[in-house]
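Here the protein sequences line up with chains A and B, keeping their order. The opening residue of the first sequence carries number 1 in the working numbering; numbering runs sequentially from there. The opening residue of the second sequence carries number 1 in the working numbering; numbering runs sequentially from there.
Hints are computed from structural coordinates only; laboratory data are not their basis. For each residue, glycine too, the CB sits at the ideal point set by N, CA and C.
Ranges between beta-carbon positions, derived for each pair:
#1 B:K570 <-> A:K104: 30 to 40 Å
#2 A:S138 <-> B:R567: 31 to 41 Å
#3 A:A238 <-> B:V635: 25 to 35 Å
#4 B:R732 <-> A:E112: 24 to 34 Å
#5 A:T122 <-> B:V728: 31 to 41 Å
#6 A:K104 <-> B:R732: 18 to 28 Å
#7 B:R575 <-> A:H70: 24 to 34 Å
#8 B:R567 <-> A:S165: 23 to 33 Å
#9 B:K677 <-> A:S165: 47 to 57 Å
#10 B:R575 <-> A:D61: 38 to 48 Å
Away from chain A, derived, C-beta distances all over 10 Å, residues of chain B:
#11 N51
#12 A70
#13 S130
#14 V203
#15 N290
#16 E320
#17 P511
#18 I584
#19 A686
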Amino acid sequence: MIIVKDLEKRFGDLEVLKKIDCHIKPGECVVVIGPSGSGKSTFLRCLNRLEEPTSGEIIFDGKSVTDRSHDINKIRQKLSMVFQHFNLFNHLTVMQNLTLAPVKQKLMTEQEAEKRAMELLTRVGLAEKANSYPAQLSGGQKQRVAIARSLAMNPKAILFDEPTSALDPEMVGEVLDVMKALAKDGMTMVVVTHEMGFARDVADRVLFMSDGYIVEEGTPEQIFENPQQERTKSFLGAVMR
Amino acid sequence: MKKRTARVLAMCLACLVVLGGMFFPVSKPAEAADVIAVGTNAEFPPFEYMNNDGEPDGFDMAVIKAIGEAEGFEVKIVNMEFKSLVASLATGSLDAVIAGMTVTPDRQQSVDFSDSYYTAKQCIVIPADSDIKSLADLNGKKIGVQEGTTGDLLSTPGEDNDVITDPKTQVQRFKKGTDAVVSLNNGGVDAVVIDKNPAETFVANNNGKLKLVEDETSTEEYAIAVGKGNTELLGKINSGLKKIRENGTFDKLVAEYIGGDTGAKAPETGEKQVVHVGTNAEFPPFEYMNDNGEPDGFDMAVIKAIGEASGFEVEITNMEFKSLVASLATGSLDAVIAGMTVTPDRQQTVDFSDSYYTATQCIVVKNDSTIKSLADLNGKKIGVQEGTTGDLLSTPGEDNDVITDPKTEVQRFKKGTDAVVALNNGGVDAVVIDKNPAENFVANNKGKLKMIEDDTSTEEYAIAVRKGDTELLGKINEGLQTIRDNGTFDKLVAQYIEGKTETEKQTSENPFKNFLYNVKYVFVDTNGYQLMLKGLGVTIGISICAGILGIILGFILALMKLSETRRKRKTIPSRIAGVYIDVIRGTPAVVQLLIMFMVIFRSRYAVIAAILSFGINSGAYVAENIRAGILAVDVGQMEGGRSLGFTYGETMRYIILPQAIKNVIPALGNEMITLVKETSIVGYVAIIDLTKAGDFIVSRTYQTFLPLIAVAIIYYIVVKILTKILAVVERRLRQSDNR
Chain A
1 MIIVKDLEKR FGDLEVLKKI DCHIKPGECV VVIGPSGSGK STFLRCLNRL EEPTSGEIIF
61 DGKSVTDRSH DINKIRQKLS MVFQHFNLFN HLTVMQNLTL APVKQKLMTE QEAEKRAMEL
121 LTRVGLAEKA NSYPAQLSGG QKQRVAIARS LAMNPKAILF DEPTSALDPE MVGEVLDVMK
181 ALAKDGMTMV VVTHEMGFAR DVADRVLFMS DGYIVEEGTP EQIFENPQQE RTKSFLGAVM
241 R
Chain B
1 MKKRTARVLA MCLACLVVLG GMFFPVSKPA EAADVIAVGT NAEFPPFEYM NNDGEPDGFD
61 MAVIKAIGEA EGFEVKIVNM EFKSLVASLA TGSLDAVIAG MTVTPDRQQS VDFSDSYYTA
121 KQCIVIPADS DIKSLADLNG KKIGVQEGTT GDLLSTPGED NDVITDPKTQ VQRFKKGTDA
181 VVSLNNGGVD AVVIDKNPAE TFVANNNGKL KLVEDETSTE EYAIAVGKGN TELLGKINSG
241 LKKIRENGTF DKLVAEYIGG DTGAKAPETG EKQVVHVGTN AEFPPFEYMN DNGEPDGFDM
301 AVIKAIGEAS GFEVEITNME FKSLVASLAT GSLDAVIAGM TVTPDRQQTV DFSDSYYTAT
361 QCIVVKNDST IKSLADLNGK KIGVQEGTTG DLLSTPGEDN DVITDPKTEV QRFKKGTDAV
421 VALNNGGVDA VVIDKNPAEN FVANNKGKLK MIEDDTSTEE YAIAVRKGDT ELLGKINEGL
481 QTIRDNGTFD KLVAQYIEGK TETEKQTSEN PFKNFLYNVK YVFVDTNGYQ LMLKGLGVTI
541 GISICAGILG IILGFILALM KLSETRRKRK TIPSRIAGVY IDVIRGTPAV VQLLIMFMVI
601 FRSRYAVIAA ILSFGINSGA YVAENIRAGI LAVDVGQMEG GRSLGFTYGE TMRYIILPQA
661 IKNVIPALGN EMITLVKETS IVGYVAIIDL TKAGDFIVSR TYQTFLPLIA VAIIYYIVVK
721 ILTKILAVVE RRLRQSDNR
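Extracted from the complex, chain B is given alone in its bound form:
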């Protein structure tokens, strides 16, 4: 209620002022023109607070004074209640307000805002032992806020609030943020929602008792407010702000008052800056794997050209499309170029460069299909590439007013080509995808497919960077402009998007000859055999390294676990080994691989991550095999060894293990065979092994049978060879069993 009253009041006042302005144009007294009355609310450290002399001080005060100096006006600070500030602007008793004030649409109705001078995040301050993890956890709780702040808006249940929905949520509005924190310490409220910087100060000042949780969804911009229509002052403030940003004053003030962490950083190193760029090489012609198994395509060429123009080096990382945005946030990527469409959703989490390409969505259907528009897809089976614009357009939901039939089935594929294969096989009725790949697909499936453009869905492709990374964004936009101006961009468009370099497939009437042509096309003409050989090498390499690691780990773990058998009670090593084996055997290998690659290796060094992951996984199984093998050796062997003066370790080494190996070999062989085949999941972390190579050939040739059967046969042969080797080893070891 209170909030609404305040809003209505502010609107009325604003109306009054506008009306008043009509009757008393240019009512400002001339002699006061050089003194600007700036309002603040000195309860919001470090932006504004009362200093030891009892005067308003803080970052905001310093900023507005520096602006005044730059623009030649004097600043008079007036300290008042936060909720009176806007009203005072309207009545004319204040000329400007700087008070850590967030730009909101509501406020923009009654005041004009300068350019943003600071980007802030809302934080939840809670007692150190609290289990509150997000804003949503505050539903039904008692929340402390500073009256009229963004924290207040976020915490108050109401029509506009889709996070705090429980009407029983109690919001206690304090005059000062510090009062809210005192109440929190006294148990009066469960949490305080406040801007990040004061929150950090509060937590630091209550050392150990409080902690803070950042609310990523509520990033906000602080700006200086002036009376609605006061463009003269607004212009001065913006130009002053620009000046102090340019001459370094602003950065000095940030360092002095806030402490460096402003989100704007400039790592000025002598060397060329390396920019880690993510892509998803499944979207020809924008990005795809070339014959060398490296990401290639229009986007790759564009970003490299931009890098050359702007003086940074580009390192490409290939990953799943839907991981790209998250990787920007975690910092493992600096930029993303992946035929990514600018959408409002994405704009909340990343910043986009200028658009470099305009694309239209297309519907790919079989030649004989009656589908004519997106609306015809209602109730049909639609194939899309997961997470793409096509996915959004095809999925029924609140925001979708074209596809409304909830029975519409959307099949999400990892790759656009998989969707087209499904279309050819009759698995889906249509594929919704960007125009350029669609054209490629239709051209490569001559006569079988056609495409329909959907003009309603024109979209802009842009390069994404981390939210707030204005430095890189600037460089990218600059570079993009440069290559557009010097013609490089047009050349790349011609080369990658308009040029057709596909190999033509020979055909023949003779079915056997046709088959041979097919084989030649799939494996020779398009260099499929090279890709497969490389993939086979990767599969074998990873298997061998992981196998060795697994056996070593397995041995160590088995001995750790056996210390339990020797001591006849649980030991620390046996417990550690037990937990290790339990956890590894209890979780899927794919998940372990993803954790190793994405969490531990931060999406770098995929092959090493894969080897470690499979080695660690295999170690758990090998450990149990070896342990069983050792236990299967007669206890008399240990006694025989010990009675001859051997230590436990020597007996293990000379007598038990050589016999255990023999018991273990068949199980170990089994494990190695499993391992070889299990490595086929490394495609998840964008390694091109044998399976993935086969997959690529399918993408490139639209042939499923030949490449996949070839992959299966190669795996079979590898396993067969491994089995033979194991049989020989086993026979050798069984020598002493002969009678």
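Same shape as in the complex, but just chain A:
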């Protein structure tokens, strides 16, 4: 589904990503972990080109994301993203947040979009909030709306950029539950997170990043029970106390 070859990203002199290669298969849930500043978020944001890669190639669903001749907006329709700070459109109701993109991009009629939106809101347990504004929701509710919004595009894969980091602890659970359900339904997901529990329980594969490299990758068992690299061991030792 997503193939990354020789991906590099530099901010001026600062090398953030160095020769990243990886292959994410359809239906796979890949969790990216690693210390702050290791390049996890940058890696994720390069995948839908919110961050412009310096060099390398990314192929999504058979189309080159990095190739300028492909319309990046068409690719993003099928490669959604969920943000740390939700980025809900504050001037629109929850319902409008979900229907804006499908309707304006002529993917669905207004009726279809609203029907689909109600289904999705029901799925994340927020059907009764359809006509509320984002400012009237709690953090956890906002993130669930954001996930529903990304699903409204009927994407082939979803990128999660630290979806629980901005939440109060008591709200983390409700968001992770939604994500677990998604993974179980076979959605292709790339998740950058600090939730080691989620990584261990839900991930098909875990990538450990440090200093711009993928230091180690494997099944949750391999990474958490039997890490091979010193960097991985010391990181896990610090977070899993």
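Using the hints provided, position chain B relative to the given structure of chain A.
Just chain B now, kept in the frame of chain A:
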């Protein structure tokens, strides 16, 4: 030195000839009576030059030959040095001289001149890269001239020359204009001062290397010179000149030799000619704004009557008095009628018609004042209308031998009525103004003011036209004569100047009743409320149009500037927007308005000019407000939109701008409120908005408190309503913020 020697020599020769004439009366041989020896200096194209056959040719040659033909004499051309021409006339070896010769007082002492046959301007020819802009810039420079020409006189430092004063200025006198230009090309001189027509030929022949600067102050008349006292020949020449002018020969020659541009043009269109007439409607009863907000008064009636009599249509433009003469020169006006006095100063820049009115200056003072004459005003505070005769009379200076005390304070008002208001308030001690408005002022301030006539300052009012526009001048004079003859003029005098149609104000002992009468007088009896309503409409109209334009421009500019934020570097649109905002914010709105109206719109379409000017001005401020509003929207909103497959533009439109508007509304509202009040300066371009309407009511009623307070209250109400509307809009937009 050389010049003086030449002058003395010429005078001596002239004396000799006069003496000689006494001893040998009618010394002309009879058989030569039909052959006239005409001298020229064939070095002054296109007036005179050597043609390919080696014979003197050019416009002047053709003119004198045509005159000869018309009057039945033969012309024999003698080519000689320019400075010998006058002397040769005196000795009798020449009968006449035609050599692009300018009429000067000096020359008039030794020769007699015919009627002028051409009006020329002096020009400065300089290398294309030179920064010389006027005659004054030539001080201390090396100047090339043709010996003995007007250019020579203008360039030579001396007692009579108040432009070139630096004694280090070097004047190189060449025999021929072309030699001077060659020297200029070789760097021998910095500039050449010469008549306009040869100058144009020189510049055209040195394409790209030279340019010319016209010296507006030195317009001169070319005429044919004959020996002093030779009235017989002079008469023949003048009558011949008249004939060839009348039968079209002259115009043909101009077209052939000079190329059309003679300053005398005759746009013969089938339709009625429209004459743009400027006035300054602040000088009752000659010109004032009537109840419909249109210029009215004696002058308006006179010029319209003249137009009817002479078959042209009149379009009146109202502007500041001191802009009138300049507008004639730029061509945006064809004529000016504004109680304008004929003065020598003004005669240098405009031509005046026959006088249509004789006025006397008056001093208006308070009843208890001891001032008895103009001389008593020394050291006092004097109020005048800017640029009027009263201003000239009151201002201490070299030419003023009545007001000599330099401590005399002259306050220049835009309007005579303002000066009278200042007099009533004690701001000035006296107002010096023309007699007729003065009489009106005294009559309208019954018992409080009196006037003193100053008999030394009788002046003539005339209609001004562009210098050299003899066609229009002729029509105006003709029309003036017609309406004087048929009695129309006297009727207008009776109606406008002698008739009193002022509304009387009721008074009462009861102060409250008196106040009510006052209100009635100011707003009802004199139709003040109508003027104010109209003004309010204009204010609101201009504000709304300019506001809309400003918001549209502001949006475009903000997006142009934001391209910089998106690309993370300066872009061409962002630079353009940056310069626009910088320039507009760095200059006063009044100046922008004046430039828009006077320079770009050439003093027409004032309302459109005002809307554009305020819109453009407002756009700069709105742009920054909107830009700040957009930047205040969280970057996550853009990322959220883009991640859903929206383009940059779509994200802006659907997600960023709707949120930015909410941030911008308070600042935008502020800007609109400022705009409404800022439009009060449109009076500068003679639009009657609310402020100007209040101003007029003050002029008409001599009441300051009521009209001005009323204007202030109306502005306040307008702004209050605007504020309320904005509050409602803002509340609507803030809906999504509710928790």
